[in-house]
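Novice: The lines below spell out each chain.
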Amino acid sequence: MNDDLLEQFIAEARDLLVEAGEELLALEREPADKARINRLFRSVHTLKGSSCLFDMPALTQVLHAGEDLFQAVRERGLALTPEMVDATLSALDQTGKWIDVLEHTEALPADAGPRASALAEALRAHFQPAETPAANAQPAAAVLPGSPPPGLAAWFPPATLAACAALPGDLHLISYAPDESCFFKGEDPLYLALHIPGLAALALEASAAWEGLNQLDPYQCNLRFHAISTAGAAELGPTFRYVTANVSLTRFAAVALRGGGQPGLPAIVRDLLHTQAEMLRQEAPALEMAGRLAAAAAVARHALIACGEDPHIDAATPGALRDALAARLAAPEPSASAATHETETPAVVEKDPGEKSLGEKSLGEKGVTDQSAGAGRRVLRVDQEKIDVLMNLVGELVVAKNSLPFLSRRADEHFGARALAREIKDEYGIIDRITQELQGAVMAVRMMPVGQVFQRFPRLIRDLARKLGKHVELVIGGEETEADKNIIESLFDPLMHMVRNSLDHGIELPAERLAAGKPETAILQLLARQDGDQVVIEIIDDGRGIDPAVIKQKAYERGLIDEHRLSVMDDHDAQMLVFAAGFSTAATVSDVSGRGVGMDVVREAVEKAGGKITLASALGQGTTLRLTLPLSMAVTRVMTVVQDRWLFGIPMDIVLETVKLARSDVTRIKSAEAFLLRDRIVPLRHLATLLELPQSSAPPEEIPVLVVRAAGKVFGLGVSAFGEVMEVILKPMDGTLSRLTGYSGTCLLGDGKVMLVLDLKALII
Amino acid sequence: MIHREEDIIRLEGACPVEDAEALLQHIQQGAAALDWSGCTFLHTACVQVILAAGIGVRGTPADDKLARWLAPLLLTAPPPPTETES
Chain L
155 MNDDLLEQFI
165 AEARDLLVEA
175 GEELLALERE
185 PADKARINRL
195 FRSVHTLKGS
205 SCLFDMPALT
215 QVLHAGEDLF
225 QAVRERGLAL
235 TPEMVDATLS
245 ALDQTGKWID
255 VLEHTEALPA
265 DAGPRASALA
275 EALRAHFQPA
285 ETPAANAQPA
295 AAVLPGSPPP
305 GLAAWFPPAT
315 LAACAALPGD
325 LHLISYAPDE
335 SCFFKGEDPL
345 YLALHIPGLA
355 ALALEASAAW
365 EGLNQLDPYQ
375 CNLRFHAIST
385 AGAAELGPTF
395 RYVTANVSLT
405 RFAAVALRGG
415 GQPGLPAIVR
425 DLLHTQAEML
435 RQEAPALEMA
445 GRLAAAAAVA
455 RHALIACGED
465 PHIDAATPGA
475 LRDALAARLA
485 APEPSASAAT
495 HETETPAVVE
505 KDPGEKSLGE
515 KSLGEKGVTD
525 QSAGAGRRVL
535 RVDQEKIDVL
545 MNLVGELVVA
555 KNSLPFLSRR
565 ADEHFGARAL
575 AREIKDEYGI
585 IDRITQELQG
595 AVMAVRMMPV
605 GQVFQRFPRL
615 IRDLARKLGK
625 HVELVIGGEE
635 TEADKNIIES
645 LFDPLMHMVR
655 NSLDHGIELP
665 AERLAAGKPE
675 TAILQLLARQ
685 DGDQVVIEII
695 DDGRGIDPAV
705 IKQKAYERGL
715 IDEHRLSVMD
725 DHDAQMLVFA
735 AGFSTAATVS
745 DVSGRGVGMD
755 VVREAVEKAG
765 GKITLASALG
775 QGTTLRLTLP
785 LSMAVTRVMT
795 VVQDRWLFGI
805 PMDIVLETVK
815 LARSDVTRIK
825 SAEAFLLRDR
835 IVPLRHLATL
845 LELPQSSAPP
855 EEIPVLVVRA
865 AGKVFGLGVS
875 AFGEVMEVIL
885 KPMDGTLSRL
895 TGYSGTCLLG
905 DGKVMLVLDL
915 KALII
Chain W
43 MIHREEDIIR
53 LEGACPVEDA
63 EALLQHIQQG
73 AAALDWSGCT
83 FLHTACVQVI
93 LAAGIGVRGT
103 PADDKLARWL
113 APLLLTAPPP
123 PTETES
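Keeping their order, the protein sequence lines are chains L and W.
Residue numbering for the first sequence follows the numbering used here, starting at 155 and increasing by one per position.
Residue numbering for the second sequence follows the numbering used here, starting at 43 and increasing by one per position.
Hints are computed from structural coordinates only; laboratory data are not their basis.
Here the structure is a predicted model, which is why all the values come from computation and not from measurement.
Incorrect hints may have been included.
As the list claims (entries may be wrong) - From chain W, some residues computed to sit far from chain L (all C-beta separations above 12 Å): (1) HIS45; (2) GLU48; (3) ILE50; (4) ALA74; (5) ALA75; (6) GLY98; (7) GLY101; (8) LYS107.
Unchecked claim - Restraint-style ranges between C-beta atoms, simulated for each label pair: (9) GLU257/L to LEU117/W: 32 to 38 Å; (10) LEU117/W to ASP617/L: 50 to 56 Å; (11) ARG100/W to ALA362/L: 27 to 33 Å; (12) ALA74/W to GLU634/L: 58 to 64 Å; (13) GLU257/L to ASP106/W: 45 to 51 Å.
A virtual CB, placed ideally from N, CA and C, is assigned to each residue, including glycine.
Just chain W, same shape as in the assembly (with noise of 0.2 Å):
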């Protein structure tokens, strides 16, 4: 699930494949950070957003695996405000 707090996107329980569009969305209109707290899953489309938007993520996911692995290959927050690269 994707809720919108500001220009904070927060992610919780599992994101699945149908968040990426409303993830990238929430990104395009200017959201500056992301919070995965509450995050139990997250599938790759999501993942591959928050890449190419080279946007950062603040606190710890919900679920072992999503913190152990892919937390350090994420940015993390506050993101720098450079523009994404093209």
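For reference, chain L alone in the conformation it holds in the complex (with noise of 0.2 Å):
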């Protein structure tokens, strides 16, 4: 098998599988959104046509039950219930997870084609019955009846279907997929297409890319027939009664082959396309033609691009671009469009050169132009893991590049060579901007949508509202804000758990929404959006609130907290207990959340991102999580400062000035020392006093003080001199030293040393 072919359709499927999800869930709500369905069938199509190049029976076959269940939604304006959506989740689910099976053994598991058929019998259940009232050996037919079936010119070449479309009344596209194994139940495929009454043409394509000779095992079934017939599904049942399961008959008027200029050209781009053959009709002076052209060329090209035809049209003059869009409006012109045999996977479309610099003047269609460029703009797919490695090369970078500034040092110092000194220094500056550049770069590589994270939310609350019988509607807003790839990963787990809270504790059920004079359904809001060089991340919810009283007697009662606390805790602080490590204030352990590692779970996760996590919860109105997190993890910038010997990292984030203090500025109020600052008592602690280092003998006269802000406060504090400003890679202790507080990690210098970042945070405390 091709590996690059099965990854690029792994990744390929795990997007359309998304796709479908997501467009299944909105189509939940608004079951009469046309384009919604589009795109779900053409999601579910393009996968079941990609899974056909692999031999991967089972998939194929669940896919095909969905493809067909969705054209009859689509074609025959079935009415999608929630069991049918159930049905299609759990269809999708099981298709992800045979994707993950086979990005590691390549094949799909053994138990693949009994689970298959059973999915595939539960999304046919759905409208098979509609289908063939008879109920007997039949194939069902899909009626078609305005477009043609997709696929068709990849199928058949136009002149083929030019000869169909001439035919009076209606068609049968009949596709027919034999089993593998059916030369040996005496099948002969060919033999049965050929003798398809009333056969107007036929097809031949490989299930599966034909592999080197020697791998070929002639008595495997490889082949698939497309076939159009004029005969009715009446006579056409008999010919295939043994084969039924391999066939699907898609019933459509041969006058929607000639109606398409492509068979297959939505509405929309034929509406297009007129237009811009009207325009191009009208009289105008030859300069504003040239645009007015460009224009039309344009559209033209990004519409047949959107719906997957040859975009190639000639756009030479007006009346040579009119012709061809003529032609691509009426009957299909086997010469011209000889070349558009493409299979549906998504074609890389070569831009015509003509098109760039006639393109460019149409600043009118700017805004089409645009916005249909982007579904042919070219994505690469690259390996998490290269740039992973990629980024810790940075990191080294980072790193060898901040020995420059000591190497600058010592040859000052130790050689007494100070123009060298000053030479490197020169140097360093360069290395240091392109290293920032190339850091930059990399970083927005591993940037990543919030969204990559909330589109899974709206099925997990579906599933959960439909459990707990609760009304939910959830707003997801800020979806395109962008975080570092691990930042967003870390993310899915405590999101799902406060969600999950949400949902059990927050939210109501409607009938006690109603009573409190609440819409029976809960609005669940999922916000993200940038602040600063952190993402903040709001899950607002519409429920009963945290009644602190009730959590205050629960902590007790756990033995969270004393008596003591239980009398003097404000609310805030109250609701903030269930970040408490065992806190569950549910009844009964459900299965949806209130196993009691909940929120403490989420906190830790958070904490470990680097990010905070605040509450803020009004009684019967609501309650809202604030998460708050860094955009990217992997590189810190910290400030150095020296407190006698010892060196110390702060983090920049949290400086805002540094002073130099004269020892008279400082003034003491009773133990506590402050100084004025611009008009205002700032406090100031001594770095020496925090870490309780053995203090040098003599006061200095002028103190170096860096003010900073840290859990909230803003404060001076005092150090012996300050360093430099370094971008280090920060690594968190771990082992035994993970306890310790005080600090935020270790870091690498560039002279080998190492060096302790401080967590201020927790030192003043």
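With the hints as a guide, bring the two chains together.
Specialist: Written out as structure tokens, the structure reads:
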């Protein structure tokens, strides 16, 4: 099997599954949304199509059933029921699982066959009965009244289709995918295909790409047949009565072939093309005409790309383009579209060189062209590991780069080569700049939209709400907000816990909500935004809120707080108790949440990613949980400070400014020290005291003070001297060191020394 | 029936499923072209071998249905000298 192809398929399949899942959930809310049905159908259809490239009949079978179901929804107005959505979702889930297995083993698990049959049956149960009222052994025929079935152009040459278009009445598309082992059952699919009554066109395709002749097993059927027939379903049925499961029939009007220049050209595209032709027909000055021509050509090309057609059209002169458009809109022209034999996998569309020069002039249509150009944007799929390697290398480069200032100092101090020291410093400036840009670029590659995580929630919430009997509407906002891949990946579990908690504990049952004078359907908001170098994510529900009294009582009962704290604790602190380890308020342990391991795990996970979590809740009105996470956690900028002979790092994001205070500027207020900074009293702490380091004998006349903000407070931190600002790869303390508070981690300096980075928040408490 | 005449393979009369293997062997042994002028029946398995090998066919088969529907789907001899794609 071709590994690259499989890899590509796996990546594509994942995208398509996500897309299909999203559309499905959206569709459940708005069943009449035609565009969504089409997109859903297309996702499943494309997925099925690509799955045929590999020998995975189980996968194809499930997808095929799904495709049929949505074709029925699309073409016959079959109403989408929650049960159908359930069945489809479990089919998509299973497909997703198989894709995961495929990635590791390159084959489906042994039980895939029976599972697939069960899933396909479950899917077909929703539409099959209506399809074949006679319930006999005839293959079902889907009916496409207007448009021809998709895929025709890929299977049949234009000339054949043109000939079919001239036939009167309705046609049937027969797609016949014989079992791989059919030869052993004495079947001869070709013979069957050649004896299709009313045969008007026949096409053959390989189910899986041909491997070398040495690998070819001539007794495994790898062929599929597509045929167009003038016969009715009643005549066709008996022909295929022994292979009904392998055959799908689609009825469509021959006229539909005639109507579309390219079979399957959607109405909106036809309209667009028509409008362009109209626009070109109007008289205009030469200069304006050139603009119009460019605009029309661009619109037409993008419209054709959007519906997967060959975008090459002659746009040399207005007349030529008008003719080309007319040709596309009229009967198919064999010679003109002979090159459009493409499979349904997204084709890489080469840009017509002519389009560039013309296209640039078409500012008027920019909105349109940009949007549709997005579909053809070139995306490179790269293995995450490769990016991680790149990131680590950049990290090492940053550390290596940081050794240059040391070198420069040594050149000056040890070797007395001041000029050389300066040159090294200059070079360092250049390397530093390039490194920063490189780092920025790699970081940008690692950035992922929060939507990647959010998109999993509609499904989760739908299932949970159904299970709990609650009505919940999910509102997602700011999903385009970007953050580092690691941060995004660390987000899902905490978010899931929080959302589950909201649904289980926060949001009331519909009756309860109505009694409280609230709308029956609760609203759960999942919002993201960027705030400086942080991502803020909020989970807001309009449920019953957190009752501090209940929480305090529960915490007391569980021995988390003592009697004294029970009486003095304020409401907000009480609400924050939900994050305490071993706290669970649910009277019964449900399978949704309430095992008492939710929120403290959440807090831990968020803090591990360098973020924090806050909570605001109003009784009866709802709860807001706010996660604040760094945009990136790969590289930290720290300011180094010297305390006697020790060097420490302080994260730059908490440093507000540096000042030098004269001894006399420090005021004593009882045992505490403070100083005046621009009409503001700022408390002063000494690093030596905080870390309980031995004090140097004489207090200096001038104290270097770092003004920092930690744990919401602004204060001054007295040190012996300031060092430089550098970028470091912060390694968290692990092993036995992880229990040390006051340090957020260690980092390696350019001269090979290890520096401790302080966690001032923990130190000042 | 399959006959081999130097580097041309002849398909004559009915070529049932059993012929697929022999056909494959002949092609693997370097036959340059297929002549199916006398062919009245061709099993799917044989067609599959022809398609997989990317080998061209020469002549018009004796069977009308084969000539009308299958012939346009096969390459016409002389076949391109390229190897089959893997």
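Novice: Are the hints correct? Go through all of them and say.
Specialist: Going down the list of hints, with the structure as the test:
no.	hint	in the structure
1	HIS45	holds (18 Å)
2	GLU48	holds (20 Å)
3	ILE50	holds (18 Å)
4	ALA74	holds (14 Å)
5	ALA75	holds (16 Å)
6	GLY98	holds (15 Å)
7	GLY101	holds (18 Å)
8	LYS107	violated (4 Å)
9	GLU257/L to LEU117/W: 32 to 38 Å	holds (36 Å)
10	LEU117/W to ASP617/L: 50 to 56 Å	holds (52 Å)
11	ARG100/W to ALA362/L: 27 to 33 Å	holds (28 Å)
12	ALA74/W to GLU634/L: 58 to 64 Å	holds (59 Å)
13	GLU257/L to ASP106/W: 45 to 51 Å	holds (49 Å)
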